[in-house]
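Participant: What follows is each chain in one-letter form.
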Amino acid sequence: MILPRKSKYYVAAFALLGTLFSLAPLVIQWANYTSPIYAFENSFVVDKFSIILKGLFILITYLTFLLSINFIESDKYYQGEYYYLLLSSLLGALIVSSSRDLLTIFIGIELASTPMFLLSGWKKGDRKSNEGAIKFFLLGVLSASLILYGFSLLYGLSGKLVFSEISSHLLSASLANSPVVLLSAILVISGIGFKISVVPFHSWAPDTYEGAPLPVTAYLSVSSKATGFVALIILLTKVFAGSGSSWGIILVIISGLTMTLGNLVALQQNNPVRLLAYSSISQAGFILAPIAISGITGDYQDGIFASVTYLIIYAFMNLGAFLSVHLFSNYAGSTNFYEWGGVARKSPLAGVLTTVFFFSLAGIPPLGGWFAKFVVFRSLLGSANSIGIALGVVGAINAVIALVYYARISKVIWMDEPKSINEEKIFQFENPLKVVGVFTVLITFVSGIFPGIFSYLGEVSSIFFGN
Amino acid sequence: MFEVTTDWYLTLSAILFSIGFFGMMIRKNALIMFMCIELMLNAVNLTFISASKHFGQIDGQIAVFFVLVVAAAEVVVGLAIIVSIFRKQSSASVDVLNVSRG
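Protein chains in written order, with my numbering: chain A, 13 to 479; chain B, 36 to 137.
Bear in mind the hints are in silico, worked out from the structure with no lab data behind them. Do not take every clue at face value.
[Unchecked claim] For lysine-lysine, the following PhoX-like pairs were computed, each having C-alpha atoms within a straight-line distance of at most 20 Å:
no.: 1; chain 1: A; residue 1: 172; chain 2: B; residue 2: 63
no.: 2; chain 1: B; residue 1: 123; chain 2: B; residue 2: 63
no.: 3; chain 1: A; residue 1: 437; chain 2: A; residue 2: 358
no.: 4; chain 1: B; residue 1: 88; chain 2: A; residue 2: 135
Please read all numbers here as calculations on a predicted model, not as lab measurements.
Take the sequences, apply the hints, and build the full model.
Facilitator: Below, the structure written as structure tokens:
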């Protein structure tokens, strides 16, 4: 804001360094970890679950900054505020992952999403960007008020704000399945449903994703979604744990619908950003499935393990997919990927990265997406519950459908004949973007080939649920 | 004689919340939709306050301050977006926002 325009890159460098250094306290906390630490009268907790998720959020934001540097400089964007708003959103996500009371989690959710309303309208003169921003904003505040009304009903029932006190009050007064608690659970699920864009609360996502600047879209589809899921997991298992069989059924229906509808619409898209928007809607269905089943069976540990594993792997491969869309749509100058014929020959590195990310999203071994899907299906089929198995079958069918549109992009960029040959045009692949590509591709491969690194998450989610 | 109990306030806030919600669904003007959101948030505040009065503790009233602050922050963001749209097309109706389809 105060720096002259030419030296704005100091802001970017400062934001990058700050984000990187903020990983240091996490590493120290992890190394010295003995037991969960509670603060502010049990409303804030530092446990392994929150440390892992904080690490995830910080890494995502770091990669988003790297994606943004050249993009934000290339046009008439406000640069200083851009980094400030993204960092505010990161702070909100960090608060959510540690929160243990109604107010803290609400402030965290709002702090994470309010800056995103502004960032999604960052292309000020562009009508699509404005339209995406206002849709996102109106549905975002609607979801906030739904969540809040759910919270106020909980407070009205129990007179408590801290999760542990609410759930013990609900259990002792045997209110866990009373209509008011169910209404509150439904309000919270539909409010957070907007944040994680599941059917039928998904209508804003494709428009907002298309209008927003591409790094913001990547952040929205990864970090905002992850924040919503973390809030949902915490609320469902810490507050509504006693009424799992009721919200379990609702979530199973939502999850099945989300996978199917997202996939079917994604098949018809020719705009790569809208395609990724619908694909991320359908991936949200997969992330939701284990939580839904764990509500019915009561085995929350397994559900949380599967969802968080899927969430972490999804975050990196989806960031990578947005990186490749950014590269190719810049080069081809077209937002219709059928016109991208043969662009991969221009830059084989970008082509290989794209193929890896899209195949990983489709769940092809040995990439990370395969392990993520494997964990989800294991949790669904292992539940030995007819609803779980039915949801598993729906998921399997959807995984096959998804392969069609993920493979289609790879086919177009490698095999199709170029529509117009422009030998002069240089393929731009800046160094920060290369870092993002290499980092995300490494995570995608490592998580698929050595899935053992995720086994510690099982222990972590047991710690989460034990306290 | 009537005695005004906590239930009355809770019913009133439920009615207010429903009015806000249905207003949000049927109105097309972004500013009116925005006022509906405010109505819903204030219904939430009323619930918090009456429950807080009922239990004789202060937690719920503190929650209201947080809700007010968040609502004010959202007004700032929302009006900025609405103004930026209004500059482009001199209308705050969401019907004209139909560029993105599919």
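Participant: If a hint holds in the structure, say so; if it does not, say that too.
Facilitator: Do the hints match the structure? See the list:
{"no.": "1", "hint": "A:172 <-> B:63", "result": "violated, 38 Å"}
{"no.": "2", "hint": "B:123 <-> B:63", "result": "holds, 18 Å"}
{"no.": "3", "hint": "A:437 <-> A:358", "result": "holds, 10 Å"}
{"no.": "4", "hint": "B:88 <-> A:135", "result": "violated, 47 Å"}
Checked against the numbered hints above, the structure violates hints 1 and 4; every other hint is satisfied.
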